[in-house]
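Each chain, written out:
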Amino acid sequence: MDLSSINPLLLLASLMVASTPILLAALGELVVERAGVLNLGVEGMMITGAACGIIFSTLTGNAWLGFAGAALGGLMLSFLFAVLTQVLLSNQVATGLALTLFGLGLSALLGQSFADARPPAFPKLDIPILSDLPVLGPVLFRHDGMVYIGLLLVVAVWYFLSRTRAGLVLRAVGENHEAAHALGYRVVLIRFGAIMFGGACAGLGGAYISLVRVPQWTEGMTAGAGWIALAIVVFAGWKPLRLLLGAYLFGGVTVLQLNLQAAGLAIPVEYLSMSPYVATILVLVILAAGRAPGSLGKTFHASR
Amino acid sequence: MTRTLLALAGLTKAYPGVVANRDVSFEIQQGEVHALLGENGAGKSTLVKSIYGLVKPDSGVMHLNGQPFEPADPKAARAAGIAMVFQHFSLFDALNVAENVALGMENPPPLRDLAARIRDVSEQYGLPLDPSRIVGDLSAGERQRVEIIRCLLQDPKLLIMDEPTSVLTPQEVEILFETLRKLKAEGTAILYISHKLEEIRALCDTATILRLGEVVGDCVPSDVSAREMAEMMVGGTLHVPEREAGPEGDILLKLEGLSARSPQEFGTPLRDISVEVRAGQVLGIGGVAGNGQDELLLALSGEMPTAPQMVQFKGQPIGQVPPNARRGLGLCAAPEERLGHAAAPDMTLTENAALSGKTRKNLVKNGFVDWGGARDFASVIIDRFDVRTPGTENVARSLSGGNLQKFVIGREILQDPEVLVVNQPTWGVDASAAAAIRQAILDLAAKGAAVIVISQDLDELMEISDNFAALNEGRLSAPRPAKGLTIEEVGLMLGGAHDMEVAHVDA
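Going line by line, the protein sequences match chains Y and Z. 1 is the number of the first residue of the first sequence in the UniProt record's numbering; add one for each residue after it. 1 is the number of the first residue of the second sequence in the UniProt record's numbering; add one for each residue after it.
One or more of the hints may lead you astray.
[To be verified] What follows is a list of derived Cβ distance ranges for each label pair:
| hint | chain 1 | residue 1 | chain 2 | residue 2 | range |
| --- | --- | --- | --- | --- | --- |
| 1 | Y | Ser90 | Z | Glu337 | 25 to 33 angstroms |
| 2 | Z | Phe266 | Y | Arg213 | 40 to 48 angstroms |
| 3 | Z | Gln439 | Y | His301 | 34 to 42 angstroms |
| 4 | Z | Gly328 | Y | Met274 | 44 to 52 angstroms |
| 5 | Z | Glu123 | Y | Leu125 | 53 to 61 angstroms |
| 6 | Z | Ala76 | Y | Asp116 | 54 to 62 angstroms |
| 7 | Z | Glu337 | Y | Leu89 | 19 to 27 angstroms |
| 8 | Y | Leu89 | Z | Ala9 | 34 to 42 angstroms |
| 9 | Z | Lys314 | Y | Val83 | 55 to 63 angstroms |
| 10 | Z | Arg271 | Y | Ala94 | 41 to 49 angstroms |
| 11 | Z | Leu355 | Y | Leu89 | 24 to 32 angstroms |
[As the list claims (entries may be wrong)] Straight-line C-alpha distance at most 30 angstroms; calculated DSBU-like pairs for lysine-lysine:
| hint | chain 1 | residue 1 | chain 2 | residue 2 |
| --- | --- | --- | --- | --- |
| 12 | Z | Lys56 | Z | Lys196 |
| 13 | Y | Lys298 | Z | Lys56 |
| 14 | Z | Lys75 | Y | Lys298 |
| 15 | Z | Lys157 | Z | Lys196 |
| 16 | Z | Lys157 | Z | Lys182 |
| 17 | Z | Lys56 | Z | Lys75 |
[Claimed, not checked] Not everything, but these chain Y residues come out facing chain Z in the computed CB check (under 10 angstroms):
| hint | residue |
| --- | --- |
| 18 | Arg163 |
| 19 | Glu178 |
| 20 | Ala182 |
| 21 | Gly294 |
Simulated from the structure, these hints should not be mistaken for laboratory data. The beta-carbon is built from N, C-alpha and C at its ideal position, and this holds for glycine as well.
Looking at chain Y on its own, in the form it has when it is part of the complex (with noise of 0.2 angstroms):
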C-alpha cells in the first residue's frame, strides 16, 4: 500500500466535484419536504437529468443548455408527480416510488440512441488571481461553473427559507397546511413551486454526473445517488447548511475510499465502499436531527 500516492489537494479538490451532484439534488428536496411534500422520486428525476443533459448537450453542443434541458426534464417529471399528489390526491410514498422507477425507464428509453455520446467538455472556471493562490487555489477555485451554483443555491435557498416571508410562509405550508389554508395562503399552489423546484434540481445534480463525473450515457448510472440525497435531507435536520455539511462529507468519504483502493488498502473493497454512508449517517446522527416538517407527507384537502 502506498499512502503517499495520494495527493491531499486533489483529494480535497475532488471532494467539491463529487459532491456536487448529491448537494444539488438533495437541496432541492429539502425545499420540496420543508413545504411538507415527501417525493420519493429523486432518483427518478435525477436519471431522467442525466439523459436529458446528455441529449441536449450532444444536440446543442453546449454543456450548459445541456443542463438547462436536464432541469427542464427533472421539472416536468416533479410536475407529474405534483398533479397526482397534490390535484388528485394520490399518496405521496407510492407515488414517489413509482416516479423513480418510472424515471429509470424513461431515461433508458431516452438514452438509448446516445450510448455513445460524448456529450461537450464542460469547462473549468479557473478564476483569475483566486486561482492561484497556493492551497486554496487548487482546492477552490478551479472548478467548473455547476459546483458554484450548487454553493450558491445552498446559500440563497438558507436565505430564503429563514430570512424572506416567501420562505415563511412555504415552511407554514409545511409545518401546519390546515392552519395555512385557513389564514389563506395557496398550499396546493406553493407545494407545486417547491415541488417543481425539487425537480429542476434533481435534474441538475443528475446532468452533472453524466456531463461532468463520468462523462457519456450509461442505464442506471445514478446508483442510488438520489436514496443518498434523500437521506441527507432528513439526517440534516431539514437544515441547508447542515446538508452542505452531510453531502460534502458523503463525497469526501466517497473520494477518500478510491483514493485508499487505487492505493490498495489491504481492506476488501466492499468495506470501502460502503464507508461514505456509514460516515455520513454517523457523523449527521450524532449532530442530533431536527424536527421533521408537520405535515410532511400529509395529504392536504381543503374540506377536511
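Knowing the structure of chain Y, use the given hints to seat chain Z on it.
Okay, now just chain Z, sitting in the frame of chain Y:
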C-alpha cells in the same frame, strides 16, 4: 350613535346532503359584542367562514359599511378589516411567536420591528408575550394570546372569536373580557361564538341564535336567563342531571407518587401525583389544557407504562399493565381525541365497538371475532346513547363530533367498568347530549363504580363531581369536596393568572 358595520341578508350555504346555513340574516353594529349561539352543527362555523372568506355562500349578500362585501379569500376579508381568532388549526408549533404573527398579516414589517410592536400591543392589552418563543412550547392560554395579538395588530373593525374561552382559567377569562371591552370601547365590533351561556350574559350586547342552520331568534343576553337561551338553542326543555349520593365505598383506584415524562414532544410531564378514588365517587380533575391531562389519561389507561406501584387498582400494582388487560380487570378509559385515539376513523362502529369491548364483552371466541355480538354491542350503544347514525356499519369518521363522542363514552360505560376514566367527556357535544352523558356517568357511579372525569369545563365538573382537584403543570392539587367551592377558589387551584394583568384601560 351606532352604525351598522356588517349586514348579512339571506345567506345560504349547502353541502352535499346538508344545508349548513339557510337564509341567515342579521346585523352587527359598530362597537358591539354580538354573540352567535347554537349547538354543534347549527351552522355557526360555516357562517363565520363565509364572513372570513373561507367559504363562498351559495346565495345571499353581505354589506360592510353599506358597501357590498364578497371576500374571495381570507386576505380580502382581512384587507376589509375582518380578523378571526380560530378555535383550532391556525398556529404553527415549530415557528416562533413573531413568525406566527407575521403569517397572519398582509404586509408585515421586518421581524425585528414586528417583535417590538408585539411587545407594545401585548403590554397595552395586558397580554404579555415574548415574540421569540417557539409556539409549541406555549400554554394554551398563551397560544390564544398569539392569535389575538395577530388580529389586533391589523386594527380590525370586526373581530371574530370562535370559542375563545374553552382553554382559559376563570381569571384568564376575566382578563380576556377586559381586553374585549377595551376593544369595544375603541369601536371594534366583536362577533363572539360560544356555548358558555353565562359568559355571553356577562359580555355580549346582543345574541343571534342559530338552530339547524336557521336563525331562530335573537335576544339581549343580560335580559334573559341562561336557561332560556339554552332552550332557544335546543328548541326544547333541558334536562339537568341529578344524582343520588351513594355511600362511600372501598378505594378502587389509587395513584401513589405518579411521575412520568410525557411521550409527546411538547407535552407536560406528570409530577408526583397522589390521589385515591373510592367506589361510588366521582373525582373531577380540572385544569387548563396542556397541563398534563393527556398524560394522566395515558398513565391511567395503560398506554403509557409507569412504575408498577404508581397506579394501583384495588391494591394491586398495575403501572405496567397494558390497556386491554386493564379493561379486563375493570378499568376503562376514554381519551379526549375522538378520531384516531378513541376511535379508528375509517373503521365501522361495529369494528370500533369490538376493538374496545372485546375483553369485557367476550367478543373474541377461539381467536375469532364474534361479529354478531360486536354488532349487537354497537347497536346497544347507539340506542342507549342516542347516537345519530344510519347504522352500525358506518365508519366512525362519518359521524359528527358530538355523536361520535356519545358513542365512545357509551362504549366504555356499557362495559360496566369498576373504574372509568374520561377526558373531556362532553367536549363539542351539544347541551342535551352533554346532559345525557353526565347523567350516564352519575348513574355508573351510583352503581358503585369510581369515576375520574378530566375536563376543562368547570361548570360540568362542579355539577357532577364529589371531589375536585386541579392539574397545573403536571401536578395535582389535593382534592377538595366540590360542594361549596366558589369559582374564585377553583380559579386559584388552577394556578390562576399569575402572569397576566388586567388591560390598562386608559393606555
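How the hints compare with the structure:
1. Y/Ser90 x Z/Glu337: 25 to 33 angstroms: holds (27 angstroms)
2. Z/Phe266 x Y/Arg213: 40 to 48 angstroms: holds (44 angstroms)
3. Z/Gln439 x Y/His301: 34 to 42 angstroms: holds (38 angstroms)
4. Z/Gly328 x Y/Met274: 44 to 52 angstroms: This hint holds: roughly 49 angstroms between Cβ atoms.
5. Z/Glu123 x Y/Leu125: 53 to 61 angstroms: holds (55 angstroms)
6. Z/Ala76 x Y/Asp116: 54 to 62 angstroms: Holds: the Cβ-Cβ distance is about 59 angstroms, inside 54 to 62 angstroms.
7. Z/Glu337 x Y/Leu89: 19 to 27 angstroms: holds (24 angstroms)
8. Y/Leu89 x Z/Ala9: 34 to 42 angstroms: Given range 34 to 42 angstroms: holds, Cβ gap about 36 angstroms.
9. Z/Lys314 x Y/Val83: 55 to 63 angstroms: Holds, at about 60 angstroms.
10. Z/Arg271 x Y/Ala94: 41 to 49 angstroms: Since the Cβ atoms of Z/Arg271 and Y/Ala94 sit about 44 angstroms apart, the hinted range of 41 to 49 angstroms holds.
11. Z/Leu355 x Y/Leu89: 24 to 32 angstroms: holds (27 angstroms)
12. Z/Lys56 x Z/Lys196: holds (28 angstroms)
13. Y/Lys298 x Z/Lys56: Judged against 30 angstroms, a Cα distance of about 26 angstroms means the pair holds.
14. Z/Lys75 x Y/Lys298: holds (25 angstroms)
15. Z/Lys157 x Z/Lys196: Given pair Z/Lys157, Z/Lys196 holds - Cα atoms ~24 angstroms apart, limit 30 angstroms.
16. Z/Lys157 x Z/Lys182: holds (13 angstroms)
17. Z/Lys56 x Z/Lys75: holds (14 angstroms)
18. Arg163: holds (9 angstroms)
19. Glu178: holds (4 angstroms)
20. Ala182: This hint holds: Y/Ala182 lies near chain Z, its Cβ roughly 5 angstroms from the closest one there, short of 10 angstroms.
21. Gly294: holds (6 angstroms)
When each numbered hint is compared with the structure, no violation occurs for any of them.
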